[in-house]
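> From just these sequences and the hints, can you work out the full model?
Residue-level listing of the chains:
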Amino acid sequence: AQSVTQLDSQVPVFEEAPVELRCNYSSSVSVYLFWYVQYPNQGLQLLLKYLSGSTLVESINGFEAEFNKSQTSFHLRKPSVHISDTAEYFCAVTEAGGTSYGKLTFGQGTILTVHP
Amino acid sequence: EAQVTQNPRYLITVTGKKLTVTCSQNMNHEYMSWYRQDPGLGLRQIYYSMNVEVTDKGDVPEGYKVSRKEKRNFPLILESPSPNQTSLYFCASSPGRSPTQYFGPGTRLLVL
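Chains as they are written, first to last, in the working numbering: chain S, 1 to 116; chain C, 1 to 112.
Rather than coming from a laboratory, the hints here were simulated on the basis of the structure. Predicted model, so just to flag it, every value in this text is computed and none were measured. Note that the Cβ used here is the ideal one computed from N, Cα and C, for glycine as well. Be careful, since some hints might not be right.
Every beta carbon over 10 Å from chain S, so not counted as near; a handful from chain C, in silico [as the list claims (entries may be wrong)]: (1) Ile12; (2) Leu19; (3) Arg44; (4) Val52; (5) Lys69; (6) Ala92.
Only some residues are given here: those of chain C computed to face chain S with a beta carbon under 10 Å [as the list claims (entries may be wrong)]: (7) Thr22; (8) Leu41; (9) Gly58.
Structure (structure tokens):
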């Protein structure tokens with residue numbers, strides 16, 4: 001079984017400042033990792049994912065995350081945030097391969113609030 | 001447009017009154033799943049289905065039923081809703097053995 005811990009429930013930040021949202025996971029097998037974003041009163045959108053290959057993955061709107069196997073982490077970063085990045089962010093993990101490939105285990109969520 | 005749809009989007013009901021939340025996807029995905037989202041707990045899986053007529057329990061299945069008679073539809077049934085089922089519900093789907101899930105817009109349920 002897997003588990004995910006998002007270390008900060010809320011992260012306030014000023015516009016144009018850098019931000020890091022922390023995610024640690026626990027698993028006895030290889031995993032795939034995801035970040036989803038939920039804008040106010042909307043559903044979940046896939047932000048980025050790590051399946052294999054380069055450990056640094058990027059999204060189209062400037063976020064990036066790095067898979068660190070030794071530290072079992074998948075932190076999300078953005079060098080300069082915008083007001084429009086205000087949302088709740090969820091880290092999720094699933095077993096790589098195997099029969100439970102479709103079961104996503106989510107973290108508790110981190111509310112990012114960008115202040116002008 | 002490829003999407004997962006849910007209906008209704010908002011629902012207020014009373015304890016014990018059976019209800020069904022529909023979920024439909026037009027992407028021919030084999031895998032479908034239901035999650036509930038509660039503050040501070042993230043999303044937790046209720047039930048999932050690997051294909052037609054194949055369903056299994058997730059982490060929090062108590063009080064819920066599902067069926068998968070057609071590939072595109074995966075309704076969530078609450079036979080006797082209780083106030084602790086007040087939550088935001090998401091349906092998701094994914095193709096074959098792809099781990100990437102696509103989520104519906106959510107259904108906000110209030111049980112009085």
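> Work down the list of hints and note, for each, if the structure agrees.
For each hint, the structure was consulted:
1. Look at Ile12(C): its CB is around 17 Å from the nearest CB on chain S, clear of 10 Å, so calling it non-interface holds up.
2. Annotated as non-interface, Leu19(C) keeps its C-beta farther than 10 Å from every C-beta of chain S; the closest such distance is 20 Å.
3. Look at Arg44(C): its CB is around 7 Å from the nearest CB on chain S, not clear of 10 Å, so calling it non-interface is violated.
4. Against the 10 Å criterion, Val52(C) stays outside the reach of chain S, whose nearest CB is about 15 Å from its own CB.
5. Every C-beta of chain S lies more than 10 Å from that of Lys69(C), the closest at about 19 Å, which supports listing it as non-interface.
6. A beta-carbon of chain S is positioned within 10 Å of the beta-carbon of Ala92(C); the least distance is around 8 Å.
7. Annotation: Thr22(C) was flagged as interfacial toward chain S, and the flag is violated, the nearest CB pair being 15 Å apart, outside 10 Å.
8. For Leu41(C), the interface hint holds, the least distance from its beta-carbon to any beta-carbon of chain S being 6 Å, beneath 10 Å.
9. Proximity of Gly58(C) to chain S holds as hinted, the smallest CB-CB distance being about 7 Å (cut-off 10 Å).
Hints 3, 6 and 7 from the list above are not met by this structure, while the remaining hints are.
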